[in-house]
Amino acid sequence: MENLLTGKNIMKIFGEKGEEIKALDNVSVSISKGEFAAVMGASGGGKSTLLFALSGMDDITSGSVKFDGIELSGLNEKQLADIRRTKMGFIFQQPTMLKNLNLLDNIILPVAQNRAGMSAVQVKQKARMLMKKTGIDKLENRDITEVSGGQLQRAGICRALMSSPEILFADEPTGALNSKASEEIMDLLSEINNEGTAFLLVTHDVKVAARASRVLFMKDGIIISEMQLDKFNNHSIGSRADSILIHAQKIGI
Amino acid sequence: MYGKIIRNDIRRSKLITATIIIFIVLASLLTSLASALSIDLIGAIDNFMLQAKTPHYMQMHSGEVNLDRLAEFAAGQKNVEDYQVSEFLNIEGAEIGIGENTLAGSVQDNGLTVQNSGFDFLISLDGGIAIPSDGEIYVPVYYMREGIAHKGDEATICGIPFKVAGFIRDSQMNPAMISSKRFLVSRNDFEKIREFGRLENMIEFRFIDNSVPATNFETAYMDAGIEANGPSSITYALFKIANASTDGIMIAVLVLVSILVIIVTFLCIRFTLLAKIEEDYREIGVMKAIGMRVSDIKKLYLAKYGAIAAASSLLGFFISRILLQPLSDNIRLYMGKSESAFPALMGGLIGSAIIFIVITLYVNKVLSRFRKISAAQAIRFGAPREKSKSSNAFVLSKNQIFSCNTFLGIKDILSRKKLYITMFLVLVVSSFIMVVPQNIYNTILSRNFMTYMGIGSCYMRIDIQQTDDIPEKTSSIAAEMAQDKNISKYTVLTSLLFDMKLDDGTVKRLKVELGDHSLFPIQYSKGRAPESETEIALSKLNMDDLKKNTGDKITLIVDGQEKQFTICGIYSDITNGGRTAKAVFKSQRSDVLWSVIPVEFHDNSLTEIEIEKYRTLYPFAKVSNIDQYIDQSFGSTILAIRKVSYTSIAASVLLTILVTLLFMKMLVTKDRYPIAVLKSLGFTCAEIRKQYVVRSIFVLIFGVAIGTVLANTLGELIGVALISSFGASSFHFEVNPLFAYLFSPVVITACVYTATIFGISDIDLLLVSDHIKE
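Heads up: the protein sequence lines correspond to chains A and B, in order.
Under this note's numbering, the first residue of the first sequence carries the number 4, and numbering increases by one thereafter.
Under this note's numbering, the first residue of the second sequence carries the number 387, and numbering increases by one thereafter.
For the record, the hints were derived by calculation from the structure and aren't laboratory data.
Just so you know, even glycine gets a beta-carbon here, dropped at the ideal spot from N, CA and C.
You may find that some hints are simply not true.
Derived BS3-like pairs (lysine-lysine); straight-line CA-CA distance at most 30 Å [said to hold, decoys possible]:
{"id": "1", "chain 1": "A", "residue 1": "K102", "chain 2": "B", "residue 2": "K804"}
{"id": "2", "chain 1": "B", "residue 1": "K400", "chain 2": "A", "residue 2": "K20"}
{"id": "3", "chain 1": "A", "residue 1": "K102", "chain 2": "B", "residue 2": "K912"}
{"id": "4", "chain 1": "B", "residue 1": "K674", "chain 2": "A", "residue 2": "K102"}
{"id": "5", "chain 1": "A", "residue 1": "K141", "chain 2": "B", "residue 2": "K784"}
{"id": "6", "chain 1": "A", "residue 1": "K102", "chain 2": "B", "residue 2": "K972"}
{"id": "7", "chain 1": "B", "residue 1": "K1056", "chain 2": "A", "residue 2": "K81"}
{"id": "8", "chain 1": "A", "residue 1": "K127", "chain 2": "B", "residue 2": "K1076"}
{"id": "9", "chain 1": "B", "residue 1": "K662", "chain 2": "A", "residue 2": "K102"}
{"id": "10", "chain 1": "B", "residue 1": "K626", "chain 2": "B", "residue 2": "K1029"}
{"id": "11", "chain 1": "A", "residue 1": "K102", "chain 2": "B", "residue 2": "K1076"}
{"id": "12", "chain 1": "B", "residue 1": "K1029", "chain 2": "A", "residue 2": "K102"}
{"id": "13", "chain 1": "B", "residue 1": "K784", "chain 2": "A", "residue 2": "K135"}
{"id": "14", "chain 1": "B", "residue 1": "K804", "chain 2": "B", "residue 2": "K626"}
{"id": "15", "chain 1": "A", "residue 1": "K127", "chain 2": "B", "residue 2": "K803"}
{"id": "16", "chain 1": "A", "residue 1": "K90", "chain 2": "B", "residue 2": "K972"}
{"id": "17", "chain 1": "B", "residue 1": "K912", "chain 2": "B", "residue 2": "K972"}
Partial chain B-side listing against chain A, Cβ under 7 Å, derived [said to hold, decoys possible]:
{"id": "18", "residue": "I796"}
{"id": "19", "residue": "K797"}
{"id": "20", "residue": "S801"}
{"id": "21", "residue": "P1060"}
Using the sequences provided together with the hints, build the complete structure.
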């Protein structure tokens, strides 16, 4: 499959000289169009840093990140923001919403600026369609403090999908949710992936990672192992999760 | 532990702490200065008037004084401790030369006197009673201040040479606003010059008990028929007010500025605290959750602000001690030192201490919000959103008018009104500080101003007073004017003393100016000028004395008959003791107190030539150039107010820049998270910056609009309070529209815009990953 996102020899170093911490140590990774990749690993292993580096949200110390063949480090701030706005979507563990906007306004925010080729009416239609799909269609005028964590996370997913991105970056999207809500959210994300959107997802949860077609294992800023899950396509989520767990234990994570 | 927390906190927010320190230092400095100067001024005046033994009552009279009758009257008054007749030899300004200068252009009534023996002493600059030797002259300190006279200068009075031996403080005539000045010479020299001048007598009294109202004494004086053809009598209280006026205005302006700075200081502290609390909301929630008491949490904040307030107030106090010296120079020059410097020192210290206490109490009050913070809510959502109907109705999905960034900017203001109110109020105050002093300056500078003080707007004014045959002399001048083709209009106004029958049957004297009051109209604070023969307008002071109002009636005895008059207007008057009336009826009486002829010319550039002509033709009359009169009486005040207005512009610019910078810096610090969210959603830094500029401009528009409106309305009231110290109780601002409606808003806009751009520059440096990463 055609590569959508390619990172080569990425180094990300924090701290002053002498006390440097290598958060990413010569990491190379690529995500294909429509692929669902998950990143697992212990806390502080560099998972989130990798996600921020690949999405261009954080600059890297050295190496290269190409999106759709375009080198991100060669882009200016506006070009980078354009890509982020039109071709990428983000879902975080704690839903990042603006407090002074209601739920619907928060969802349409990424396209409010240039509407991604839609009319104002189409924007609202699309937002409502996504809200219906995620089961929060009755909450559009609610304040963000008036809804539950799960509902907020769904709103975050709607927002990420407003511009029909080519790839979704998700950092622990179910980390703050109970198992039922978590499952519902993952069903939704799988459905979106099936419609053609690529995924790069960071998680601690093997059940979440089990939805992916490939799992990357990170430790101390290095991808120490990769696991293809294609061969388990016919297995249940539970048994896929078990396989991941066994692999993880094998490599010492 | 507190020390460490304070140090860390200050290190983290240097700019914000520095701004708060600057404002507290300023507030403490100004309050300390204003209180120390007030105490200094009051002390110096009291000390000075005690030393000089200022008369408690003084009446001018030109001509003979019946000394026996005076002695008999004084003996009959239980409250009179001492009395004297002091001579004042009026000398034409052109006859007085000091060094290279002559007093020819002076509008002051300059005259010679000898040192009194009983009271009303003229004090030398070293604080003693000045005693000139023959050939020596002591010059009023006013001329030293004006740079006209220097110690050791050669002086000539009516051709007789003198040496300036020193300068005198005159407790009656010190201020520029008092239009007479006494020069002190020896008795021998006085006698030599006597024939060259016009002698006036100052009939002066000292009372045993000065708390008894002087009005009773005045009635007794009038009833006894003691000589009194000069301007109205003056009392001790009036001398005191006159002495306080020059520096009093400076102190009043200081107080006004202090109040505004204190308001701004409080706004800044409130804003900083609210922002800090909002920023620390989760931490406060956690502290509460782990069982810390509200009082303990408050202590953390109080310790920081208490330490800042204490250090800044003390610093303000020390700076005020340094500034006190130059600012009290004028007080010291005109009135000498107060008896002890201790009260002023204490006053300053108390002023600074009050600032410290009030700020600490205020911080404590703002911190009481901690009680309202719910631990669970705080930990989960951070600071709650303000409930606002207008904000809820303003929805992005329905927005058709604004661009997304403009919308988000405005939406933020509507959602956090409490926060933006600080910036709004500071901008209101800034516009106010910029416009009000300028308006006061324009008002005093305008020709119209004199009409608020009982003087019709004219170019030349002839006063015929303290001479005999006033009606005849006035007629001859009027006849000459009728022939003068340069004169476009003139009118004769004659003042006479009438008996007025009060409601309780008693009789009081009332000075009434008769003539046509429509030609050189003055401003009436209420009602209008008299038009019919049964109407009368009263000055504000008379109105207050009589407790009457427009539409009420008063009874005067005119040519032996009782006549009723309806009060048709009230006006402010700074002339003739401020107790006057105006009417248009005719009287046959010839005992005129004085006449005044205001004149306007076809070509007012001829004023100087015409003045010279009438001075030569009628040496007995006092011919004044009104512009010069205003310039010399109010020149120093106008200059001081101009300085104040320029200082205010600078203060306003500084205030706007500093507060906007502080505000924007804090806002960006506080908004790190939403900024990171917007960045993650693909908003560029330029777009986010635009949102902040929109917020600034939006608040600016309202702040400046309301500030300008308030400056021209509420500011007028403050202006009235200030200017009423000159005697004008009601007036309207002369607004310079170019300044008030263009220059001031443009300057403030430029300041806000520039400060906003600098204040939000951190947006570019903010990394999404630093604020969103889990």
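Checklist entry - Given the hinted pair B/K400 and A/K20, is their alpha-carbon gap at most 30 Å? => result Cα-Cα ~26 Å, so holds.
Next on the checklist: Would the hint linking A/K102 and B/K804 be met if the CA-CA limit is 30 Å?
Outcome noted: 16 Å, holds
Next on the checklist: B/K1029 and A/K102 were given as a pair; does the straight-line alpha-carbon distance stay at or below 30 Å?
Outcome noted: Cα-Cα ~48 Å, so violated.
Next on the checklist: Next pair to validate is B/K804 with B/K626; report whether the Cα-Cα distance is within 30 Å.
Outcome noted: Distance of about 47 Å is beyond 30 Å: violated.
Next on the checklist: Hint check: A/K102 vs B/K912, CA-CA at most 30 Å. Holds or violated?
Outcome noted: 56 Å, violated
Item to check | Interface hint for B/K797, Cβ within 7 Å of any Cβ on chain A | outcome: Holds: closest Cβ of chain A sits about 6 Å from B/K797, inside 7 Å.
Item to check | Interface hint status, B/P1060 versus chain A (Cβ within 7 Å) | outcome: The hint holds - B/P1060 has a Cβ within 7 Å of chain A, the shortest such distance being about 5 Å.
Checklist entry - CA of A/K141 to CA of B/K784, is that 30 Å or under? => result Answer holds: A/K141 to B/K784 is near 17 Å, not above 30 Å.
Checklist entry - Is B/K674 within 30 Å of A/K102, Cα to Cα? => result 23 Å, holds
Checklist entry - Does B/S801 meet its interface restraint, that is, does its C-beta lie within less than 7 Å of any C-beta in chain A? => result 4 Å, holds
Next on the checklist: Check the hint pairing B/K784 with A/K135 against an upper bound of 30 Å on the C-alpha distance.
Outcome noted: Within the cut-off at roughly 19 Å; holds.
Checklist entry - When you check the alpha-carbon spacing of A/K102 and B/K1076, does it fall within 30 Å? => result OK: A/K102 and B/K1076 at ~19 Å, within 30 Å.
Hint compliance for this structure: hints 3, 6, 12, 14, 16, 18 are not met, and every other hint is.
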